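Could you build the full structure based on these sequences and the hints that come with them?
Residue numbers (my numbering): 1 to 594.
In short, the hints are calculated from the structure, not lab data.
Owing to the predicted nature of the structure, the values given are computational and were not obtained by experimental measurement.
Hints are not guaranteed to be accurate.
DSBU-like, lysine-lysine: derived pairs with alpha carbons at most 35 Å apart [to be verified]:
id : residue 1 : residue 2
1  : K312      : K458
2  : K255      : K278
3  : K328      : K255
4  : K341      : K312
5  : K458      : K278
6  : K413      : K453
7  : K278      : K554
8  : K333      : K278
9  : K286      : K333
10 : K453      : K218
11 : K518      : K468
12 : K341      : K320
13 : K255      : K312
14 : K255      : K218
15 : K286      : K322
16 : K495      : K594
17 : K453      : K468
18 : K341      : K518
19 : K468      : K594
20 : K583      : K554
21 : K583      : K468
22 : K218      : K322
23 : K210      : K292
24 : K548      : K495
25 : K294      : K459
26 : K495      : K468
27 : K210      : K294
28 : K341      : K495
Beta-carbon label-pair distances, calculated as ranges [unchecked claim]:
id : residue 1 : residue 2 : range
29 : I295      : D435      : 18 to 28 Å
30 : A336      : A106      : 36 to 46 Å
31 : V254      : G364      : 37 to 47 Å
32 : K255      : S127      : 11 to 21 Å
33 : R553      : K218      : 11 to 21 Å
34 : K341      : G313      : 45 to 55 Å
35 : D163      : M581      : 52 to 62 Å
36 : A585      : A106      : 21 to 31 Å
37 : S127      : D433      : 38 to 48 Å
38 : P12       : T455      : 28 to 38 Å
39 : G340      : M581      : 39 to 49 Å
40 : V254      : T39       : 15 to 25 Å
We put the beta carbon where it would ideally sit given N, CA and C, even for glycine.
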Amino acid sequence: MREYTTPAVIDPPTTGSLSDPVWANAQSHPATPVFSRRTSSGWTDVTAAEFADQVAAVAKGLIAAGVQHGERVALLSPTRYEWTLVDYAIWTVGGVTVPIYETSSASQIQWILGDSGAVLAIVENSSHAASVEAAGAGSVREILQFEAGGIDDLVARGASVSDAELDKRRTAVTPADVATLIYTSGTTGQPKGCQISHLSFMDELGTATKILDELFDKNGASTLLFLPLAHVFARIIQVGCVMMRVKVGHSADVKNLVDDLGSFQPTFILSVPRVFEKVFNSASQKAHSAGKGKIFDAAAAVAIDYSRSLDKGGPGLGLKLKHRLFDKLVYSKLRAVLGGKVQYAVSGGAPLGERLGHFFRGIGVPVLEGYGLTETTAAICVNLPDDIRIGTVGRPLPGVTVAVADDGELLFKGNQVMIGYWRNDEATAAAIDSDGWFHTGDLGEFDSEGFVKITGRKKEILVTAGGKNVAPTILEDRLRTHPLVGQCMVVGDGKPFIAALITIDPETIGHWASQHDKPADIPALVDDPDLIAEIQSAIDDANSAVSKAEAIRKFTILPRDWTQETGELSLKLSLRRHIVMEKHATDVEALYTK
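Spelled out as structure tokens, the structure:
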């Protein structure tokens with residue numbers, strides 16, 4: 001079994017906890033703004049000293065509410081400042097944060113509350129409170145709401161708790177203690193609670209902030225968090241920012257995201273590939289609507305060529321001149337959409353795709369693609385600002401070892417790997433073997449320099465009737481770059497050939513329909529010859545990336561897009577393939593019988 005280890009750059013912490021930087025920052029840089037809150041009058045800064053005072057006040061309230069060391073506190077809310085505040089207060093008293101997505105179903109909330117044994121639930125509003133109450137979890141003693149004065153209530157109740165008592169609770173927390181139970185998104189079966197320790201966060205961020213100093217260690221560094229803090233990806237960035245005093249803003253409503261980016265002007269952002277796809281597709285659609293489609297398409301091609309040239313000795317004079325022209329006409333406008341000051345973007349959660357990676361680097365916003373899972377406390381591999389290899393997820397973080405099993409599965413060792421699944425020894429034993437290797441379930445490879453490439457999902461590999469192994473994500477990632485494609489799923493397991501289910505993006509169909517003098521009604525268009533031809537062109541492009549045996553031969557266009565609400569997408573926007581197959585069994589069968 002081949003292995004590759006990136007040498008460690010720090011010693012694993014043996015004392016302290018995630019709350020320590022809050023107090024250290026307040027002492028060393030009390031006046032430094034570490035957060036900025038969206039108010040009716042704009043962004044209002046929160047200094048390091050103010051944040052420490054607020055964390056202390058809420059933490060005292062949790063003590064008064066009876067939260068003991070090691071007890072679980074559920075947190076159900078969209079991304080907002082109070083989420084971060086309460087998270088740090090929970091850690092300060094030695095509690096364990098149990099995040100719940102605001103979009104979780106009643107059955108998911110019931111499962112997470114019951115399985116975790118949460119004693120307190122802190123939610124955003126009355127609707128969330130009603131969901132918790134309806135779940136009927138007997139262990140929850142109390143529900144507090146942000147929008148009903150829950151924070152003020154905790155502060156008032158904690159007024160009688162002394163600083164000495166708070167300090168005793170805070171200093172009793174060790175790196176080995178569990179910091180959070182994050183439940184997997186449940187693409188298959190019931191969600192499992194990943195026990196992630198203070199050590200995992202501290203070791204990962206102690207390392208990551210050193211090798212990603214271009215993001216975290218720059219004067220004026222800032223980021224706007226808009227991904228769910230219930231997901232480990234946004235959470236790890238939050239922790240890193242607090243460690244390094246990077247100013248953080250929060251934006252929970254995607255309707256306000258462009259405005260918030262413009263007013264906050266972050267120096268780096270993090271997102272999932274689907275958002276980068278949307279940025280590209282929206283820009284393309286807008287340009288074509290304004291009669292500037294040829295300019296945009298040419299600019300996109302030049303950006304990709306320019307980025308690729310950086311890996312091959314640099315661009316020639318002609319390409320430099322074209323790039324400079326399109327920077328004025330197109331690229332600068334795209335950077336302005338991101339706030340105008342973004343120097344880097346970080347992508348995770350799913351493969352970005354080589355073309356998108358080259359496009360964004362070509363317009364001046366390099367995307368640092370990484371890889372990790374909830375079980376690995378987010379990133380376990382990442383591309384670095386001065387060492388990007390597009391098409392890979394970078395090298396393992398310092399101190400991490402990667403290996404490839406005989407069946408192609410990626411395995412990892414490192415302090416970032418979770419303690420195990422909460423109250424589920426059988427699942428833990430299946431994920432972490434007796435030699436300490438964490439089995440990711442993903443297929444991949446790494447080169448002689450340690451750059452890791454994800455090639456598919458072990459459980460999602462399709463095997464055709466002819467015995468050909470096909471990784472569907474290669475085709476799916478390419479298909480979703482087409483502006484009209486909302487979602488897609490490649491099928492063909494046990495079948496004579498590969499086929500696909502396609503949904504149409506409701507946000508982009510309007511422009512296409514008006515151009516072709518057709519109604520913007522997706523159900524009425526699924527059999528339209530012009531739309532079929534447009535999707536066929538996307539299929540042809542995707543097929544160019546694979547062999548003939550792996551190519552999509554047939555497809556069907558479905559009358560509606562897939563969403564979290566209808567169950568086909570997980571809470572991190574991943575395809576729930578078993579749900580899609582259940583709902584569209586007839587459509588799949590028709591691909592092979594008609």
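message = Tell me if the straight-line CA distance from K255 to K218 falls inside 35 Å.
response = Holds, because 30 Å separates the two Cα atoms, which is no more than 35 Å.
ask   = Is K468 close enough to K594, meaning Cα to Cα at most 35 Å?
value = Cα-Cα ~23 Å, so holds.
task = Could you grab the alpha-carbon distance between K495 and K468 and see if it respects the 35 Å cut-off?
result = Given pair K495, K468 holds - Cα atoms ~10 Å apart, limit 35 Å.
request  = With a cut-off of 35 Å on the C-alpha distance, tell me whether K255 and K278 pass.
outcome  = Satisfied, since the Cα-Cα distance of roughly 14 Å is no more than 35 Å.
Hinted pair K341 and K312, Cα distance within 35 Å = 27 Å, holds
inquiry  = Holds or violated: the 28 to 38 Å window for the beta-carbon distance between P12 and T455?
reply    = Holds - the Cβ-Cβ distance for P12 and T455, about 31 Å, lies within 28 to 38 Å.
query = Can the restraint linking K453 and K468 be considered satisfied, given a maximum Cα separation of 35 Å?
reply = With Cα atoms ~21 Å apart, K453 and K468 stay inside 35 Å; holds.
message = Within 11 to 21 Å: is that where the Cβ-Cβ distance between K255 and S127 falls?
response = 18 Å, holds
inquiry  = Does K218 sit within 35 Å of K453, going by the straight-line distance between their CA atoms?
reply    = Holds. K453 to K218 sits at ~29 Å (cutoff 35 Å).
request  = Given the hint that K312 pairs with K458, test it: the Cα-Cα distance must not exceed 35 Å.
outcome  = Holds: K312 and K458 sit about 33 Å apart, inside 35 Å.
inquiry  = Can you confirm whether the C-alpha distance between K583 and K554 stays at or below 35 Å?
reply    = 19 Å, holds
message = 18 to 28 Å was suggested as the range; check whether the CB atoms of I295 and D435 agree with it.
response = The hinted range 18 to 28 Å is violated for I295 and D435, with Cβ atoms some 56 Å apart.
Comparing the model with each numbered hint stated earlier shows that hints 11, 13, 18, 23, 25, 27, 28, 29, 31, 33, 34 do not hold.
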